[in-house]
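Q: If you want the building blocks of each chain, they are given just below.
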Amino acid sequence: MAAERWRYWPLALTLAFCVAGLIPATARLFEATMQTHLLVQMPLLAFCGGYWVCRSARLRVWLERADPSGGVALVLGSGWLIYWMLPLNLDLATFDPGVRLLKVVTVPVFLGATLTWSWRQLGPVGRGVMLMEGWAILVRLGWIYLISPVQLCSNYLIGDQQRTGSLLLGLALISAVLAVIWGVFGPFRKTDRFNLKQQ
Amino acid sequence: MSSRTALSMALALCLMSGLLWQRTAGFSAFTYETLRQTQAVRQQPPVSDWQLQDDQGDLVRLSDWDDQVLLVNFIFTRCTSVCMPLGARYGQLERAMQAAGSNSVRLLSVSIDPAHDTPERLAEYRSRFGGARTSWTIARPADEQTLSTLISETGLRVIPDPIGGFAHSDSLHWIRDGRLVRISAWTDPELEGLLTNGG
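Which chain is which? The protein sequence lines are A and B, in order. Here the first sequence is numbered in my numbering, starting from 1 and rising by one per residue. Here the second sequence is numbered in my numbering, starting from 1 and rising by one per residue.
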């Protein structure tokens, strides 16, 4: 019996996280600095949505009927990603309760779940494009936040903005290094072994 | 890709573009500050009769200057950043108006730190830039209620900075006939022309 109930704890955790983003007391913790808002709360909200897709077979069946290719999900997910990258929306989410509600409800669904679904359904080329574009977004956003002489968000000081920009660029650098390591020690290595065996 | 998928993707693209277009006021505003500027011109929100105390200790209100256009900026005397060039700019504008002999516009600097900015400190701020009281009023909100009213009516965002001051918008707000009609940048070189021609 205990094992049965234990199954639902991760799901409850994700729902609790979303609700925590709504209650002003806990929401303020996440929205305190731009780094926590953009780099902690947003990815975790998206992760919750992705988790729901991976966990729920019923949801996957519905998605299979609604969007077998993953293309619609990709368009929705990318569009919503651009929407939430605007400094305007980050600002509004901090002091407008309507926008905060919109963020907590739609980011898991239209950003996390959609991009996870399209990742599952797209082939290697589609996935490659997603990774490249995602990396490019990190670089562009980080660069803008770092070099902008103007404070872009009315709620976050320019120092905060620049730190966020540096973090984004740092993440992009780490991903690039990881990708290179994977490329060198992953598929290419297997190709070499295959060729050697052939001889 | 089936035609149904293509159609769904096209619809999703329209939906996302529509949402972005609505939020950014027609792709014109990507930050909160630019959104405020666009909304001021389009919606011209009314402002109430702010009760202020000027640098001589007299109580004044916005309706005292009903026949003039008000050009309002927000300052605090402890500011070491933008309030200094703002004051210098207002001094320039005031001299330009005097030279042209126009008095259809009144310059108004409102302090967002009424607790610290007593009338004496406001007078000291004026003495740095040398502006005449007849055309440039420097005042603070008469009470906390007025401060929160003017912040909510103009959509101003004031956040504390790490050195004990505040970060706030340095834009100039045009108030005509009890409405906020425009928000300009203080660096705009056309201001002199607008002031001498009656705003």
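Derived from the structure by calculation, the hints contain no laboratory data. Fair warning: there could be bad hints in the mix.
Unchecked claim - Ranges of calculated distance between the beta carbons of each label pair, as one might list FRET restraints: (1) A:V105 / B:C14: 26 to 36 Å; (2) A:I23 / B:R61: 56 to 66 Å; (3) A:E64 / B:S3: 35 to 45 Å; (4) A:L102 / B:V41: 20 to 30 Å; (5) A:V40 / B:G178: 39 to 49 Å; (6) B:Q22 / A:L39: 44 to 54 Å; (7) A:C54 / B:H116: 35 to 45 Å.
All residues carry an ideal CB built from backbone N, CA and C; glycine is no exception.
Q: Compare the structure with each hint and give your call.
A: Here's how the hints hold up against the structure:
Against the hinted window of 26 to 36 Å, the Cβ-Cβ separation of V105 of chain A and C14 of chain B comes to about 21 Å, which falls outside the hint. Restraint check, I23 of chain A to R61 of chain B: a C-beta distance of roughly 39 Å breaks the suggested window 56 to 66 Å. The hinted range of 35 to 45 Å is not satisfied by E64 of chain A and S3 of chain B, whose Cβ atoms lie roughly 19 Å apart. For the pair L102 of chain A and V41 of chain B, the supplied restraint of 20 to 30 Å holds, since their beta-carbon distance comes to about 25 Å.
As the Cβ distance of V40 of chain A to G178 of chain B is approximately 44 Å, the hint placing it in 39 to 49 Å holds. Roughly 27 Å separates the CB atoms of Q22 of chain B and L39 of chain A, a value that falls outside the hinted 44 to 54 Å. In this structure the hint that C54 of chain A and H116 of chain B lie 35 to 45 Å apart at CB is violated, the actual value being about 55 Å.
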